[in-house]
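Undergrad: Put the two chains together into one complex, using the hints given.
As given, the protein sequences belong to chains A and B, one line each in that order. Heads up: take any position in the first sequence, counting from 1, add 614, and you land on the working numbering. Heads up: take any position in the second sequence, counting from 1, add 141, and you land on the working numbering.
Hints were generated in silico from the structure; no laboratory data involved. Quantities reported herein were computed from a predicted structural model and do not represent experimental measurements. Any given hint might turn out to be false.
Stated by the list, open to error - Derived CB-CB ranges, DEER-like: (1) D344/B - G885/A: 32 to 40 angstroms; (2) R757/A - P248/B: 52 to 60 angstroms; (3) N846/A - P457/B: 18 to 26 angstroms; (4) P857/A - W312/B: 46 to 54 angstroms.
Here a beta-carbon is modelled for each residue, glycine too, at the ideal position from N, C-alpha and C.
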Amino acid sequence: MKKAYLGVDVGSVSTNLVVIDENKQVVAAEYLRTSGQPIATVQKGLYSIGQEVATHFEIAGVGTTGSARYLSSIIIGADIVKNEITAHAIAASSMVGEVNTIIEIGGQDSKIIILRDGVVTDFAMNTVCAAGTGSFLDQQASRLSIPIEDFGNLALKAKNPVRIAGRCAVFAESDMIHKQQLGYNNEDIIAGLCEALVRNYMNNVGKGKEILAPVLFQGGVAANQGLVEAFNKYLEIEVIVPPWYDVMGAIGAALLARRAVEKKKKSSFKGFNIQEINFKTRSFECQGCSNACEVVQFFENDDLIARWGDRCGKWELQAV
Amino acid sequence: MKISFPHMGYSYIALKWLVNHLGHECIVPPEPSKKTLDLGVRYSPEFACIPFKILTGTYLEVAEKGAEIILTSGGMGPCRAGYYWVMHQYLLDEIGKKVKVIAFEPPLCNLRDFWQKLHRLRVSGGLSVKAFIQVLKITWEKIKAIDDIEMKSYHIRPYEEKRGETTRALWKALEFVDEANREDEVDEARQEGLNVLQGVRRDESRDPLKMGIIGEIYVVLEPSANHYLQIMLGEMGVYSDRSIYLSSYTRKNTIVNLEGDIFQVARPYLNEAPIGGHGVNSIGETILYARHGFDGVVQLAPFACIPEIVAKSIIPAVSRDFDIPVLTLFIDEQTGKAGVQTRLEAFVDLMEKRRELKRQRERWAI
Numbered sequence: 615m616k617k618a619y620l621g622v623d624v625g626s627v628s629t630n631l632v633v634i635d636e637n638k639q640v641v642a643a644e645y646l647r648t649s650g651q652p653i654a655t656v657q658k659g660l661y662s663i664g665q666e667v668a669t670h671f672e673i674a675g676v677g678t679t680g681s682a683r684y685l686s687s688i689i690i691g692a693d694i695v696k697n698e699i700t701a702h703a704i705a706a707s708s709m710v711g712e713v714n715t716i717i718e719i720g721g722q723d724s725k726i727i728i729l730r731d732g733v734v735t736d737f738a739m740n741t742v743c744a745a746g747t748g749s750f751l752d753q754q755a756s757r758l759s760i761p762i763e764d765f766g767n768l769a770l771k772a773k774n775p776v777r778i779a780g781r782c783a784v785f786a787e788s789d790m791i792h793k794q795q796l797g798y799n800n801e802d803i804i805a806g807l808c809e810a811l812v813r814n815y816m817n818n819v820g821k822g823k824e825i826l827a828p829v830l831f832q833g834g835v836a837a838n839q840g841l842v843e844a845f846n847k848y849l850e851i852e853v854i855v856p857p858w859y860d861v862m863g864a865i866g867a868a869l870l871a872r873r874a875v876e877k878k879k880k881s882s883f884k885g886f887n888i889q890e891i892n893f894k895t896r897s898f899e900c901q902g903c904s905n906a907c908e909v910v911q912f913f914e915n916d917d918l919i920a921r922w923g924d925r926c927g928k929w930e931l932q933a934v
Numbered sequence: 142m143k144i145s146f147p148h149m150g151y152s153y154i155a156l157k158w159l160v161n162h163l164g165h166e167c168i169v170p171p172e173p174s175k176k177t178l179d180l181g182v183r184y185s186p187e188f189a190c191i192p193f194k195i196l197t198g199t200y201l202e203v204a205e206k207g208a209e210i211i212l213t214s215g216g217m218g219p220c221r222a223g224y225y226w227v228m229h230q231y232l233l234d235e236i237g238k239k240v241k242v243i244a245f246e247p248p249l250c251n252l253r254d255f256w257q258k259l260h261r262l263r264v265s266g267g268l269s270v271k272a273f274i275q276v277l278k279i280t281w282e283k284i285k286a287i288d289d290i291e292m293k294s295y296h297i298r299p300y301e302e303k304r305g306e307t308t309r310a311l312w313k314a315l316e317f318v319d320e321a322n323r324e325d326e327v328d329e330a331r332q333e334g335l336n337v338l339q340g341v342r343r344d345e346s347r348d349p350l351k352m353g354i355i356g357e358i359y360v361v362l363e364p365s366a367n368h369y370l371q372i373m374l375g376e377m378g379v380y381s382d383r384s385i386y387l388s389s390y391t392r393k394n395t396i397v398n399l400e401g402d403i404f405q406v407a408r409p410y411l412n413e414a415p416i417g418g419h420g421v422n423s424i425g426e427t428i429l430y431a432r433h434g435f436d437g438v439v440q441l442a443p444f445a446c447i448p449e450i451v452a453k454s455i456i457p458a459v460s461r462d463f464d465i466p467v468l469t470l471f472i473d474e475q476t477g478k479a480g481v482q483t484r485l486e487a488f489v490d491l492m493e494k495r496r497e498l499k500r501q502r503e504r505w506a507i
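Bound conformation, chain B alone (with noise of 0.2 angstroms):
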């Protein structure tokens, strides 16, 4: 069968490896798009959210493509992005194609819904269970190997001599574990990888600002779907850490992890958790960032999310009691990315002058 998924990030890399070593056919989603932008938001009800249109748009590029069968997520709790799927589906029928959309819910919400679907696509692919867990095992390598390329990236980036060269080795390392097939040539690739960005000429006399990225978890993850946020925050200089990456939730060394439960953190500020989406979540985080002594915090937020505007609302707050700058970025059809970068730079200015007075009050504290 010939089967697609939706466009996050550089996970496709590894998804497609899946697709294929399942015994299927992958379509790769293409990154989103002008195109994608115009016929999402042409099929897609007016009032849904941005990854709602971007991925209504995705679906039918990959349709067009020939895909069969869309491997998606679905959701738990009060967002209205777990029904997405649902919504898809619908929309796809309507529009006349013949694709059918497969969400895999949380495990922990349904674990039998989650194997039979999973079994399902094994069976389909005619592999043996063994087979099967080692493709599995692969792929969730080749997802960790490029977190790490990428998060390592956003170290590099603010000290790069020569604008472009992090990205030109991002992409490059980005190859190598796009063409490892087995579990030693993934480390092996992550680990080449890592050494061509470390290549990067650097100024290591430059003091970057460090700045956490929190909010909803499609922009955050699609850097078409926020203007490339992290990449200009690395060429302006500035050390970015994202709340979210596929893996982040296994990896003790990242700033978001599994020890210590993030609603506990929220909890002062809100009493109720999940409100839905990562509404939560953005409350936490930013008092995880100011504890791990951050300068400032980007919200990224779909216009009208209402776990986000929930977290918008208390964020000043917490901003207070922290003491740290938190901006947000609502995200809509707009691609114009001066708006962005305009905020960002005075955002920038703000942070700067501020870490100015807080090292001048500790000088003279001493």
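Chain A extracted, bound-state conformation (with noise of 0.2 angstroms):
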């Protein structure tokens, strides 16, 4: 059997798997939405990716990244486990070597990336706000009950874009449907919304960050045409949308795993059929001083394997 590594993404909204093999080709790939149950999205996802390759390959090393990326290392027995900023830089860097600048948009967070020669020299991201992430845009087509597919095309038949507000999402909102009142059709409304984002993104993670090309659109908000045409249009760049861009995150994790097994030789992998195992959190209240921590834990069936949550250590070193 060939070897391939497993990358695991599990963000806010969306929860991707990819398999790579050892040309760093993907072989498999899995995009579902979290919907709130980070543990059964994984392992439905991996049970169901487990159906795709394990029959050709086995799993030499394994990777978490994303908002859950602890939770499901413990859940998928991680040799690696990273944040989502280094692993998209990774993953971009891999598939476009001379990468100099990385947008990347996904359910609730906004960054943008800079390399230079490979190396990440410079990075940021949304901290107190979520206008213009993913999240936002789901709701804006659900409200006008159009498919969030086709949300971005949409934008591409807009003939006068008209300006929205793209400060805050409430205000957005508000703007929006100020001009649906007044009779604007919801092409130019979205085409307007698509270039108040864009603004927005360049005022807050863009600020005062040197944008050159080529500049790579990732993250599953790059499906939106319409957004990649604000950005074209905004930074007067061809915007390079990647083939995997919506699971790019889960690649770089990939690419670590496969780094991170050449020194740990052997694979914590658990294995693809995890669906079966009960996983559950539950917690308590230290009393053993006034900080009282809340003292997560997680039982793997009966059995707990992880505790976290205390500042002092104390019951984190009980834990095996």
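TA: Take a look at the structure:
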């Protein structure tokens, strides 16, 4: 059997799994909605990607990333846990070696990563506001009863994009409703929204960053042609949407896993068939001191496999 | 009288001793918690910054415990924090709490006002001038001892073998200082505390990155307001030095100190000082950390803090000229620490890679 590496990216909105072979080629990919249930979604995704690849490939290493990276690493048995910024940068530079800028917009995050000669030199991520990320686009699409998949293409049909305030999601929405009640058509409103989001992105995370081509646009939101067009127009650079734009984080995790097992030799992967296992968390308030930390306990069936949440580390030490 | 004050890091240990030995009763402010934040957000103006909201919450909590007087700082210059104590007094009156807020303006700003307020505290506590000076002196020694111990913990933590050992040693060490009552006892407690920290089992083979921490004073000094940033960094194996300690301006061995004028350092980038808060300091300190060979700087800023926003827009130029990466974290009501952790982990990866390349270049040069 050929060796392969698994990368898992569990984010706020989507859970992505990718298997790459020794030549860094993607052999299987899964894109699922997290729907607020990271554990069940990982179990499900793992099973279905296992169905695809288990007969031809042996998983030699696993990496996890995304906001639920620590939780999923315990469930799966990961060899490396990495933040999504580094994972995205690794994936992008393995696809386009000379990439200088990465624009990544996901469910609740938007980030910009600046690379020079293959090394991350600067990055920024939205901090206190999620306007302009996937969740907001989702919400607007459902308000207008337009499938999110068609959202971007509608924007491309616009003749005269309207101006919409992009500073804040709530203000953007009331601006959109206002324009809609004045009789503007949906195409022009959606195109206006795309331009507003790009403006907001550039003013917020892109502020003060030197944006040089090639620019890669990745993350789930890169599926939106309207936004791609809006970025092209704003930056006056043709942004590149890589073929696996929506699972780049997972690809990065898989690439990192490949590197990690070179040192580690043996993978900790628990296998694809974990959907029968009952994972659950239970928490209690530690009474040891006045901090009253909430200690979270993580069980695999009835076995306690991890504990976290204590500031002094005393509970963590006792967990095996 | 029952006296309280804002919670700022571990300084409450010294201030509690001060209040009690002035002949008053101290209501120790609780560490800001979810409850503090809930109260603060509920009663503060929506657009006030997070330090204001945390203080509102703290004041309401201590008022609940019977505090009659709250001692706090004023401030000169254009940052609105200098006026916060007036706002807080209005708020407390409006809510119907019988608490008086007494603010100490910087002595250089109005020396008479400063002494008058101190005098009133002394007389109402019934202390002689001599005893009063002695109490102030011991309090100051305590503040210095607390800072020494805290600084030491940031040196030790990146090397600790087991997570949490340094934190527990730190708590133990602070207890010693808490129990000391005379000048020589404070000195002894300080020594003993440093020894306890020195005793933490360490892996000396590690090579920690060095990170400077700059920004607005409250979010820099109060760990619960910055997601325990320095502890988090230490546990990730990073040595951190922060620009502000209550005693740092009297020190010579710290990176940011009285030697040299910080405004002077920042002048090539901002020919106007002060601009309020710690805005100019943040620019100058970034330069100092770069000069001292630090691998990176984290700027902590309350959301909507104007001085820090001014600094943030100038820092990219400093960062380019001095070749030092800077990460800005805006702090608001969010208590989720995952977001901060993600950004820090990525920033640590970035610093590590840069250091590797820098060392490679240095080797080639030889």
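Undergrad: Would you mind marking each hint as holding or not holding in the structure?
TA: Each hint, compared with the structure:
no.	hint	verdict
1	D344/B - G885/A: 32 to 40 angstroms	holds (33 angstroms)
2	R757/A - P248/B: 52 to 60 angstroms	holds (58 angstroms)
3	N846/A - P457/B: 18 to 26 angstroms	holds (25 angstroms)
4	P857/A - W312/B: 46 to 54 angstroms	holds (53 angstroms)
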